[in-house]
Amino acid sequence: MVWKYLLGIFMVVVILGSFFYAQPALGLGEVSRIIYYHVPAAWVAVLAYLVAMVSALRYLRTRDISHDTAAAISAELGTLFAVVATVTGAVFAKVTWGAYWNWDPRQTSITVLLLIYGAYFALRSAVDDDQRRAGLSSVYAILAFFTVPFLVFVVPRVYASLHPDPILNVDKKINMDARMLQVFLASLAGFTGLYSWMYSLKLRIYRMLRERTGV
Amino acid sequence: MSDLYVVAVVTLISWLGIFGYLLSLDRKIRELEKR
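If you're matching them up, the sequences are chains A and B in order.
In case it helps, our numbering puts the first sequence at residues 12 to 226.
In case it helps, our numbering puts the second sequence at residues 14 to 48.
So that you can see chain A by itself, here it is in the shape it has in the complex:
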């Protein structure tokens, strides 16, 4: 329980650090502070989808329905963080590009990603039988994850984009002011901790409900 309070304090420090300790990025101004939330949210979305794929593989190997539930929980959290990344990105776009939505390659690829995982939830809700639903959605979760690196890392770099990678990520490596980098890495760690916390809470709820209902 203590680590949860520590995580809360840590995230408060990260939030304060993002506004009062880190410098705004050159060329982007104050709005660049959104990267401390936008990028970690996108990173956690990728991590959550990876965990969903691993859980799906474990289900197919063991046929234990709890692995399928773990996959669904992780995919839900991944989608939640992908939405946070999309919304914070849209606000950044409004300030820097003049419109919330421009169908930039980054925006288009995350929309496709959200649609792919939206179909995963639609598939789950369309099948009543537990084992059949678990089997189908596990195969889908594995196939869906193969699109994640392509949509998140490849497409936005292949097509011309307004995304500020070229400013913050010169020469294909992170090129940030030391203070910015400290807050950025701390935020990445904090968001990962938040995801782990949410995941464990949801898994606990599922287990308690299963014990209660015996299903």
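Fair warning: there could be bad hints in the mix.
[Unchecked claim] Derived DSS-like pairs (lysine-lysine); straight-line CA-CA distance at most 30 Å:
#1 K41/B x K15/A
#2 K15/A x K213/A
#3 K15/A x K47/B
#4 K213/A x K41/B
#5 K213/A x K47/B
Keep in mind the hints are simulated off the structure, nothing from the lab.
We have chain A already, so just place chain B on it with the hints.
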């Protein structure tokens, strides 16, 4: 409206949403434990 204000508001809304969701999960667990 300054850029800093926009970022601060978006950050606040994001965090309120995330912590609100965490609290709702925590409350659900407590309810289940009580039962």
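For a C-alpha distance cap of 30 Å, please report whether K15/A and K213/A respect it. holds, 15 Å
Would you mind confirming whether the straight-line C-alpha gap from K15/A to K47/B stays at or under 30 Å? holds, 21 Å
Starting from K213/A, check that the Cα of K41/B is at most 30 Å away, please. holds, 10 Å
So if I understand the rule, the pair passes when the alpha-carbon distance is 30 Å or less; does K41/B with K15/A pass? holds, 17 Å
Restraint check for K213/A with K47/B, where alpha carbons must lie at most 30 Å apart: holds, 17 Å
Checked against the numbered hints above, the structure breaks none of them.
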